[in-house]
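What follows is each chain in one-letter form.
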Amino acid sequence: MFGISFGRIAAVFVKELIQMRRDRLTFAMIIAIPIVQLVLFGYAINSDPKHLPTALNVQDNSVFARSLTAAMQNTGYFTITHIVKGEREGQDLLASGTVAFLLTVPPDFSRRLARGERPSLLMEADATDPAATANAMAAVSQLPATVFNNDLKGALTSLQATPPPFNVVVHRLYNPEGITSYNVVPGLIGVILTMTMVLITALAVTREVERGTMENLLAMPLQPFEVMVGKIAPYIVMGYIQVTVVLIAALLLFGVPMLGSWFDLSIALAIFIAANLSIGFTISTVAQNQLQAMQMTFFFFLPSILLSGFMFPFRGMPVWAQAIGEALPNTHFMRIVRGIMLKGAGLGELFGDIWPLLLFMLVVMGIALVRYRRTLD
Amino acid sequence: MNGELAIDVAGLTKKFGSRTVVKDFNIQVPKGQVWGFLGPNGSGKTTTIRMLCGLLLPDGGQGKCLGYDIRTQAAQIKRNVGYMTQRFSFYEDLSIRENLDFVARVYDMKGRKQAVDEAIAQLGLTKRQDQLAGELSGGWKQRLALAACILHRPQLLLLDEPTAGVDPQARRDFWEEIHTLAGQGLTVLVSTHYMDEAERCDRIVYLAYGTVLARGTVDEVIDNSDLFTWIVTGEEVRGLAQELHGKPGIDQVSVFGVTLHISGTDQAALERAIAPYRNRPGLTWTKSKPSLEDVFIHLMGPFREQVTG
Numbered sequence: 001m002f003g004i005s006f007g008r009i010a011a012v013f014v015k016e017l018i019q020m021r022r023d024r025l026t027f028a029m030i031i032a033i034p035i036v037q038l039v040l041f042g043y044a045i046n047s048d049p050k051h052l053p054t055a056l057n058v059q060d061n062s063v064f065a066r067s068l069t070a071a072m073q074n075t076g077y078f079t080i081t082h083i084v085k086g087e088r089e090g091q092d093l094l095a096s097g098t099v100a101f102l103l104t105v106p107p108d109f110s111r112r113l114a115r116g117e118r119p120s121l122l123m124e125a126d127a128t129d130p131a132a133t134a135n136a137m138a139a140v141s142q143l144p145a146t147v148f149n150n151d152l153k154g155a156l157t158s159l160q161a162t163p164p165p166f167n168v169v170v171h172r173l174y175n176p177e178g179i180t181s182y183n184v185v186p187g188l189i190g191v192i193l194t195m196t197m198v199l200i201t202a203l204a205v206t207r208e209v210e211r212g213t214m215e216n217l218l219a220m221p222l223q224p225f226e227v228m229v230g231k232i233a234p235y236i237v238m239g240y241i242q243v244t245v246v247l248i249a250a251l252l253l254f255g256v257p258m259l260g261s262w263f264d265l266s267i268a269l270a271i272f273i274a275a276n277l278s279i280g281f282t283i284s285t286v287a288q289n290q291l292q293a294m295q296m297t298f299f300f301f302l303p304s305i306l307l308s309g310f311m312f313p314f315r316g317m318p319v320w321a322q323a324i325g326e327a328l329p330n331t332h333f334m335r336i337v338r339g340i341m342l343k344g345a346g347l348g349e350l351f352g353d354i355w356p357l358l359l360f361m362l363v364v365m366g367i368a369l370v371r372y373r374r375t376l377d
Numbered sequence: 378m379n380g381e382l383a384i385d386v387a388g389l390t391k392k393f394g395s396r397t398v399v400k401d402f403n404i405q406v407p408k409g410q411v412w413g414f415l416g417p418n419g420s421g422k423t424t425t426i427r428m429l430c431g432l433l434l435p436d437g438g439q440g441k442c443l444g445y446d447i448r449t450q451a452a453q454i455k456r457n458v459g460y461m462t463q464r465f466s467f468y469e470d471l472s473i474r475e476n477l478d479f480v481a482r483v484y485d486m487k488g489r490k491q492a493v494d495e496a497i498a499q500l501g502l503t504k505r506q507d508q509l510a511g512e513l514s515g516g517w518k519q520r521l522a523l524a525a526c527i528l529h530r531p532q533l534l535l536l537d538e539p540t541a542g543v544d545p546q547a548r549r550d551f552w553e554e555i556h557t558l559a560g561q562g563l564t565v566l567v568s569t570h571y572m573d574e575a576e577r578c579d580r581i582v583y584l585a586y587g588t589v590l591a592r593g594t595v596d597e598v599i600d601n602s603d604l605f606t607w608i609v610t611g612e613e614v615r616g617l618a619q620e621l622h623g624k625p626g627i628d629q630v631s632v633f634g635v636t637l638h639i640s641g642t643d644q645a646a647l648e649r650a651i652a653p654y655r656n657r658p659g660l661t662w663t664k665s666k667p668s669l670e671d672v673f674i675h676l677m678g679p680f681r682e683q684v685t686g
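Each protein sequence line maps, in turn, to chains A and B. If you read the first sequence in this note's numbering, its first letter stands for residue 1, the second for the next number, and so on. If you read the second sequence in this note's numbering, its first letter stands for residue 378, the second for the next number, and so on.
Here are the simulated distance ranges between beta carbons: (1) 286(A) - 499(B): 38 to 44 Å; (2) 27(A) - 560(B): 46 to 52 Å; (3) 498(B) - 25(A): 32 to 38 Å; (4) 212(A) - 601(B): 33 to 39 Å; (5) 660(B) - 212(A): 46 to 52 Å; (6) 495(B) - 289(A): 36 to 42 Å.
Reference listing, derived: stretches of chain A covered by chain B, where coverage requires no fewer than 3 residues with Cβ under 8 Å from a Cβ of chain B: (7) 15-28; (8) 365-377.
Honestly, the hints are just simulated from the structure, not real lab data. Note that this is a predicted model, so its numbers are computed, not measured. Cβ coordinates follow ideal geometry from the N, Cα and C atoms, glycine included.
Based on the sequences and whatever the hints tell you, model everything.
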């Protein structure tokens with residue numbers, strides 16, 4: 001066998017670029033799709049997810065704190081998943097998206113409560129997806145009025161009734177005003193890339209089969225890897241063009257903040273785009289014609305939009321649906337892009353979502369290479 | 378170069394599902410010769426050519442192409458073979474130059490630009506080099522495809538019905554080119570439906586339904602057939618054809634304008650069958666060798682019903 005030849009990869013790369021340039025309609029679609037979708041999905045669909053992971057930072061281990069956490073769990077909106085030892089640890093959990101809430105009970109809470117000073121609790125919420133946390137926050141603000149009625153006995157009975165004996169101070173982190181488009185617009189980057197990148201590569205290879213040029217391609221000394229890289233590379237460029245369009249719109253039209261680093265974002269984008277392109281390439285090795293390629297693309301695209309946390313809050317879905325969601329690259333990319341843009345998270349903090357993307361990409365590329373036809377059999 | 382074989386395969390068999398498309402195919406083509414590959418549609422010509430250039434893996438048999446094993450050394454074969462597909466398979470949305478440039482890159486050619494320039498000049502398309510391949514007429518597409526196939530200077534050219542749908546002048550030019558290339562030592566295997574093209578080949582192989590039915594030079598194929606033919610000339614041959622059709626001893630009757638070819642395998646029976654018509658006025662009867670076409674139609678005879686029935 002011959003080694004991988006850069007010249008042959010370049011041959012395919014240049015050919016694809018020329019074909020891309022000639023195909024005006026597709027090129028126009030690539031630019032138009034993001035704009036249309038941005039306008040369409042400008043408003044999110046609200047939902048009411050429950051059992052949101054919550055971290056507790058209890059610095060005052062009293063009967064009140066225990067009653068409070070029990071009452072929170074009883075609302076159905078919170079599941080205490082982490083007990084943290086300090087503010088820093090809790091913040092990290094929030095930034096990485098592991099928990100949606102961080103409740104801090106200050107050290108002198110029960111003492112001040114008993115004195116009738118009406119102390120405050122701090123509830124910090126990850127508000128990048130406001131729809132996911134809004135109801136939970138509403139529920140927590142109801143708690144003070146009733147939660148301690150059983151505990152306030154004897155001399156403390158006077159503290160029952162209104163006004164409530166303590167306050168809950170709610171901090172919406174990352175998206176303080178709860179602006180939905182802050183959540184939707186970065187998410188759209190993932191949705192748009194999934195749709196166009198998968199479809200375009202799926203079609204690019206299937207088209208060769210349909211037009212009869214595949215026979216010629218196979219008769220030439222091109223190796224599957226060379227064809228794949230040569231075909232995928234131009235579309236990575238195209239993916240970046242799309243992202244640029246979405247980001248400009250995100251910043252100008254919707255005023256979405258960009259707290260993280262552009263460099264981190266572009267690294268994550270490269271991985272995500274390559275993962276989608278390899279899916280497209282794999283589809284093209286299965287599909288007999290462009291119509292089939294299109295159908296298979298949508299088969300992949302629908303869960304990517306519905307189960308990835310773009311359309312509905314991820315934590316609001318049943319466990320089995322979350323499991324499917326975890327297997328989709330868009331789910332992880334959605335967390336990464338929101339993490340970088342809205343929370344200012346870095347790649348290190350987001351590694352938990354980077355490695356599934358990488359793994360996905362490598363596995364799918366492997367499948368594509370194995371499945372790619374070397375003969376016409 | 379004499380005696381060396383460009384293609385040497387034996388027992389090649391290919392099945393698609395339960396259907397055997399090529400059965401026990403043998404061929405030994407010496408370098409520098411032009412071999413014609415004939416046979417009806419669906420006879421396995423394309424499948425055989427694809428097996429020779431590594432596009433299909435044979436289910437049985439083995440052999441070598443340019444000294445490389447067709448089963449294990451497809452990559453080497455692909456580097457040294459030019460394969461022209463039946464259907465135009467270059468990029469219609471690329472220009473003439475871009476197509477040739479793509480091919481040159483794929484074969485990692487040194488002096489790519491010069492090679493492409495020369496190929497375009499040779500095609501006589503220097504002025505139209507930026508025209509899209511999809512805008513070319515059938516004849517020009519075929520010339521472009523040939524230029525692209527020989528760009529990397531292959532040692533073996535496999536051409537699958539290269540002249541289908543091309544006008545006579547273009548076909549003639551095409552064959553001139555083929556013979557020029559063969560004169561330079563290139564081996565050519567070309568499949569065709571045209572008898573005049575078959576007659577331009579050094580050897581012909583006649584394939585029907587996956588089996589080789591005849592092979593050799595044109596004369597050998599004709600001489601080896603067990604067919605006897607009478608040629609009748611006259612104004613009224615069309616009516617005569619109607620009358621003779623299906624008579625015992627007559628296998629084929631075909632009209633070529635004012636000429637009629639009557640053929641049969643049993644000489645005595647054939648002569649008995651035509652005897653009553655021999656003295657009709659206005660007709661000239663000549664005993665003749667069958668034409669290549671007569672032989673091919675005859676060879677196909679036993680299979681024809683099998684397929685249409």
